[in-house]
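Generate coordinates for the entire structure from the input sequences, incorporating the hints supplied.
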Amino acid sequence: MFKRLLIAIILLVVVGGGIVGFNLFRSKMIAQFFATMKPAPVVVSVSEAKPGPWTPGLEAIGTATAAQGADLSVEAAGIVREILFKAGDTVEKGQLLVQIDDRQERADLAAAQAALELAETTLKRARELRERGVSATSALDSAEAEAVSARSTVAKLQAALETKQLTAPFAGTVGIPKIEVGQYVTPGTEFATLQDRTKMRVDFSLTEQDASLATPGLPVTVTSEVGDVTLTGTVSGLDPKIDPNSRLVTIRAEVPDAEGKLTPGQFLRLRVSLPEEQDIIALPQTVVSSTLYGDSVFVVRSEKAEDGTETLIAKQVFVKLGRRAADLIEVREGLVAGDKVVNAGQNRLSSGAAVTLEGAPAPAPAAN
Numbered sequence: 001m002f003k004r005l006l007i008a009i010i011l012l013v014v015v016g017g018g019i020v021g022f023n024l025f026r027s028k029m030i031a032q033f034f035a036t037m038k039p040a041p042v043v044v045s046v047s048e049a050k051p052g053p054w055t056p057g058l059e060a061i062g063t064a065t066a067a068q069g070a071d072l073s074v075e076a077a078g079i080v081r082e083i084l085f086k087a088g089d090t091v092e093k094g095q096l097l098v099q100i101d102d103r104q105e106r107a108d109l110a111a112a113q114a115a116l117e118l119a120e121t122t123l124k125r126a127r128e129l130r131e132r133g134v135s136a137t138s139a140l141d142s143a144e145a146e147a148v149s150a151r152s153t154v155a156k157l158q159a160a161l162e163t164k165q166l167t168a169p170f171a172g173t174v175g176i177p178k179i180e181v182g183q184y185v186t187p188g189t190e191f192a193t194l195q196d197r198t199k200m201r202v203d204f205s206l207t208e209q210d211a212s213l214a215t216p217g218l219p220v221t222v223t224s225e226v227g228d229v230t231l232t233g234t235v236s237g238l239d240p241k242i243d244p245n246s247r248l249v250t251i252r253a254e255v256p257d258a259e260g261k262l263t264p265g266q267f268l269r270l271r272v273s274l275p276e277e278q279d280i281i282a283l284p285q286t287v288v289s290s291t292l293y294g295d296s297v298f299v300v301r302s303e304k305a306e307d308g309t310e311t312l313i314a315k316q317v318f319v320k321l322g323r324r325a326a327d328l329i330e331v332r333e334g335l336v337a338g339d340k341v342v343n344a345g346q347n348r349l350s351s352g353a354a355v356t357l358e359g360a361p362a363p364a365p366a367a368n
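Residue numbers (my numbering): 1 to 368.
No lab work stands behind these hints: they were computed from the structure. Hints may contain errors.
Said to hold, decoys possible - Here are the simulated lysine-lysine pairs, DSSO-like style, with alpha carbons at most 30 angstroms apart:
{"hint": "1", "residue 1": "K124", "residue 2": "K93"}
{"hint": "2", "residue 1": "K93", "residue 2": "K156"}
{"hint": "3", "residue 1": "K93", "residue 2": "K199"}
{"hint": "4", "residue 1": "K50", "residue 2": "K340"}
{"hint": "5", "residue 1": "K320", "residue 2": "K304"}
{"hint": "6", "residue 1": "K86", "residue 2": "K178"}
{"hint": "7", "residue 1": "K156", "residue 2": "K199"}
{"hint": "8", "residue 1": "K261", "residue 2": "K178"}
{"hint": "9", "residue 1": "K315", "residue 2": "K340"}
{"hint": "10", "residue 1": "K261", "residue 2": "K199"}
{"hint": "11", "residue 1": "K340", "residue 2": "K304"}
{"hint": "12", "residue 1": "K50", "residue 2": "K304"}
{"hint": "13", "residue 1": "K86", "residue 2": "K241"}
What the hints assert, rightly or not - Simulated restraints on C-beta separations:
{"hint": "14", "residue 1": "Y184", "residue 2": "T55", "range": "18 to 24 angstroms"}
{"hint": "15", "residue 1": "T186", "residue 2": "L328", "range": "58 to 64 angstroms"}
{"hint": "16", "residue 1": "D239", "residue 2": "P284", "range": "32 to 38 angstroms"}
Ideal Cβ positions, reconstructed from N, Cα and C, are used throughout, including at glycine.
The structure is reproduced here in structure tokens:
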């Protein structure tokens, strides 16, 4: 009995030891397999870092105003007889917009003109009599004074009559009428706004350092948030002082807008183009990865494997960035001309990973 039990125990130990040994062997072989297995190269596309021309710029937010704009007001009291415009009409300089009742002024002017004719006739007769020596000098002086007074009265009444005819002071687009026919208006009553939208001004602000670069004459590109409008103009001037609260300088640009695409008061994005520079390395902003450790890109380089074959490896390179323009960013340090920078597929990379270029022939399978 004891002999049988001993044999069973020995068999159990042998079987258990075999199972444990097999598992240890299997784990070792699996670990060895994965340790020696090379991951498949990551497919990436690259672009070569090339020094080239660079147009730096200053970007800002601005507000559009008309080069000429005014809120039109009534000059003389009276009743509105006619409104000769509609909202949005394009008017010419001197065009009649509103007619105020002027019957009294016309009657007064007619009487004054008749008095002037009489004064001129009297003056002519007084001169003739004086030349013949049958009239005193005082009579001629009195006639001349009467004529001067009559002319002054006519000019005064003509000016008063003109104040009843409200005309456009310049060509432009007129807004919504703010008065009604039959309404009694007083001097200073606003009746419409007039804006010349063929040439717009855009006021924007820059820091003191950037403002020193935005000299008059530099080209400006403005873009609207609504309507996808893009127009070009030039810097026309800078405010001679710095705002003590914001520490910014106000700058004005003039933008031709013959089609009237911009509206006074409109919010605009603008870019002041600075003189072009040469030999600048610039990359798409999407190829740069930013972390707490800094900004970096992946560069593809060729290295020799243990068997002597050439292998493409992705290396993470930290770079120092500079200015931005549209979707490009300047690289000041970290890259040299000719570096092949990964521009697609970098999210699947780690430094030292094997890569293959997009469109390159697949490597031949390893021989067994």
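Status of each hint after checking the structure:
Between the alpha carbons of K124 and K93 the distance comes to roughly 40 angstroms, so the proposed pair goes past 30 angstroms and is violated. For the hint linking K93 to K156, the alpha-carbon distance of about 23 angstroms falls within 30 angstroms, and the restraint holds. Restraint check for K93 and K199: the C-alpha separation of about 16 angstroms stays at or below 30 angstroms, so the hint holds. As the CA atoms of K50 and K340 are separated by approximately 10 angstroms, the hinted pair is consistent with the 30 angstroms bound.
As the CA atoms of K320 and K304 are separated by approximately 29 angstroms, the hinted pair is consistent with the 30 angstroms bound. Between K86 and K178 the alpha-carbon distance is near 11 angstroms, which keeps this suggested pair within the 30 angstroms criterion. Using a Cα cut-off of 30 angstroms, the hinted pair K156 and K199 is violated, with the two alpha carbons roughly 37 angstroms apart. Among the hinted pairs, K261 with K178 is consistent with the structure: their alpha-carbon atoms are about 24 angstroms apart, no more than 30 angstroms.
With a C-alpha separation of about 10 angstroms, the suggested pairing of K315 with K340 holds against the 30 angstroms cut-off. For the given pair, K261 sits about 10 angstroms from K199 by alpha-carbon distance, which is consistent with the 30 angstroms threshold. Between K340 and K304 the CA atoms are separated by roughly 18 angstroms; this keeps the pair inside 30 angstroms, and the hint holds. The hinted pair formed by K50 and K304 meets the criterion: a straight-line CA distance of about 26 angstroms does not exceed 30 angstroms.
Between K86 and K241, the direct Cα distance comes to roughly 42 angstroms. Violation of the 30 angstroms bound is thereby established for this hinted pair. Between Y184 and T55 the CB atoms are about 60 angstroms apart, so this pair departs from the stated range of 18 to 24 angstroms. At about 60 angstroms, the beta-carbon gap between T186 and L328 stays in the expected band of 58 to 64 angstroms. About 36 angstroms separates the C-beta atoms of D239 and P284, a value consistent with the hinted range of 32 to 38 angstroms.
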